[in-house]
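Order-wise, the sequence lines are chains E and U.
Residues 21 to 138 (the numbering used here) are what the first sequence spells out, left to right.
Residues 15 to 329 (the numbering used here) are what the second sequence spells out, left to right.
No lab work stands behind these hints, which were simulated from the structure alone.
For glycine and all other residues, C-beta sits at the position ideal for the given N, C-alpha and C.
Hints are supplied without guarantee of correctness; some may be wrong.
[What the hints assert, rightly or not] Label pairs and their calculated CB-CB ranges:
id : chain 1 : residue 1 : chain 2 : residue 2 : range
1  : U       : Glu232    : E       : His91     : 12 to 22 Å
2  : U       : Arg244    : E       : Ser95     : 48 to 58 Å
3  : E       : Ser95     : U       : Arg255    : 32 to 42 Å
4  : E       : Asp131    : U       : Ala316    : 39 to 49 Å
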Amino acid sequence: MGTDLFMLAQAGFPEPMGGATLAHYLLISVLMFAIGLIGFLTRRNLIVMFLCTELMFQAAGIALIAFSRFHLEHSGQTFVIFVLTVAAAEAAMALALVVLLFRKRESLDADEWTEMKG
Amino acid sequence: MDHLIHPIALYLGLALVGLGLCVALPRARVSPQVIGALLAAGGLGVILVLMGLKAQGELPNLYFYVFSLVALGGSLRVVTHPRPVYSAIYFILTILASCGLYLLLSAEFMAFALVIVYAGAILITYLFVIMLATQAPTEDRTEGLKSYDIAAREPMLATVASMALVAVLTGMLFTGISGLEPRRAGASHDALLAQLPRRVEDAMKDASAITFKDRIVERDGAFQIDIENRRALVTGPDGERWVDFPANLAPRNVEALGFNLLNTHPGSIEIAGVILLMAMLGAVVLSRRQVEIDEEAKVLQARNLMEGRGAEGQA
Numbered sequence: 021m022g023t024d025l026f027m028l029a030q031a032g033f034p035e036p037m038g039g040a041t042l043a044h045y046l047l048i049s050v051l052m053f054a055i056g057l058i059g060f061l062t063r064r065n066l067i068v069m070f071l072c073t074e075l076m077f078q079a080a081g082i083a084l085i086a087f088s089r090f091h092l093e094h095s096g097q098t099f100v101i102f103v104l105t106v107a108a109a110e111a112a113m114a115l116a117l118v119v120l121l122f123r124k125r126e127s128l129d130a131d132e133w134t135e136m137k138g
Numbered sequence: 015m016d017h018l019i020h021p022i023a024l025y026l027g028l029a030l031v032g033l034g035l036c037v038a039l040p041r042a043r044v045s046p047q048v049i050g051a052l053l054a055a056g057g058l059g060v061i062l063v064l065m066g067l068k069a070q071g072e073l074p075n076l077y078f079y080v081f082s083l084v085a086l087g088g089s090l091r092v093v094t095h096p097r098p099v100y101s102a103i104y105f106i107l108t109i110l111a112s113c114g115l116y117l118l119l120s121a122e123f124m125a126f127a128l129v130i131v132y133a134g135a136i137l138i139t140y141l142f143v144i145m146l147a148t149q150a151p152t153e154d155r156t157e158g159l160k161s162y163d164i165a166a167r168e169p170m171l172a173t174v175a176s177m178a179l180v181a182v183l184t185g186m187l188f189t190g191i192s193g194l195e196p197r198r199a200g201a202s203h204d205a206l207l208a209q210l211p212r213r214v215e216d217a218m219k220d221a222s223a224i225t226f227k228d229r230i231v232e233r234d235g236a237f238q239i240d241i242e243n244r245r246a247l248v249t250g251p252d253g254e255r256w257v258d259f260p261a262n263l264a265p266r267n268v269e270a271l272g273f274n275l276l277n278t279h280p281g282s283i284e285i286a287g288v289i290l291l292m293a294m295l296g297a298v299v300l301s302r303r304q305v306e307i308d309e310e311a312k313v314l315q316a317r318n319l320m321e322g323r324g325a326e327g328q329a
């Protein structure tokens, strides 16, 4: 079993992704993005909202890697590195902001902070 | 037009997923979360199975199904779990499953980088902040939960909007990518081998084509590697001769990715570094706690300092 997976990874699939086509991976990516979006819109906890943005980053990564495999071109994978960078930077800033806000109001509710509305 | 999945089946499946998600989102009252989760998972399963049936040729690999179901199920739980800690842990599960998908797409380096950076670093930071910012849970399930964790905001509207987005995107995707031609594995990536003489030597030594004293000839700053005929000019105790590449010699994922990153996008790395630096500075500035000292404490501290200096002066 272990060697089986290893060979899959090393050799890649002989013909376009061995039956699972580009569209399969893109559908997975789109569904994951939508789930992340739903979470971002509905959850009121600030931390969970940022977790959902990470979920959307992840979905974008899957799409990029799938296209990279499809075209046999490594730029897609390179861009996942930059997605990772942006995700890390976003996590750092967002969590600092969350800590700051929590210290002010003792609450993680996004609805607590509506002064900037309109 | 040859659809990957019948559009009506897809939209029905999506509606099922949306309904399940909508039911599974946390509510103020006791909500039938398990039923919702099962419904959503069932919808996902229907879509995946239908996709598999329509795939040309052989069925998609079993690993593809396992990894994508785990990834999507995990992300459903990230969104619907009322406790943030569990959300974060389910997110780690999602990450690991998408690493499996990356491996299936032969992107090994990114798969392991994802485990290290996401599951190892980013999620730990999230867990830290969650632990800092939430009270310890009690035995009762809803007792320790805050009101903003229990009640979702407009679940129906958000689900309808997102599923409409998915419907539009998938419709566009399937018509858009049906005209794309996948590139067959060709000689293009082998061109990298001209810049990897030590790797070619190692592969030849492993195949016992050359001895340990042989080296690839370097002439006028260029290594004598003939990519088109897959051979290299080697010199050693036996004199100069052309040696063919071993049959399985090809650039690895990491090598190709490294060349792509440094040759094609060198400026972007600098920008990424600046972004990370700025994020670090921003995080430090934002989360710094301002220490407030009242006047008496200031006077006391100043006096202590002066006395300390005076003592030093006397000594």
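Self-check item: Non-conforming hints, listed in increasing numerical order
Solution: 1 and 2
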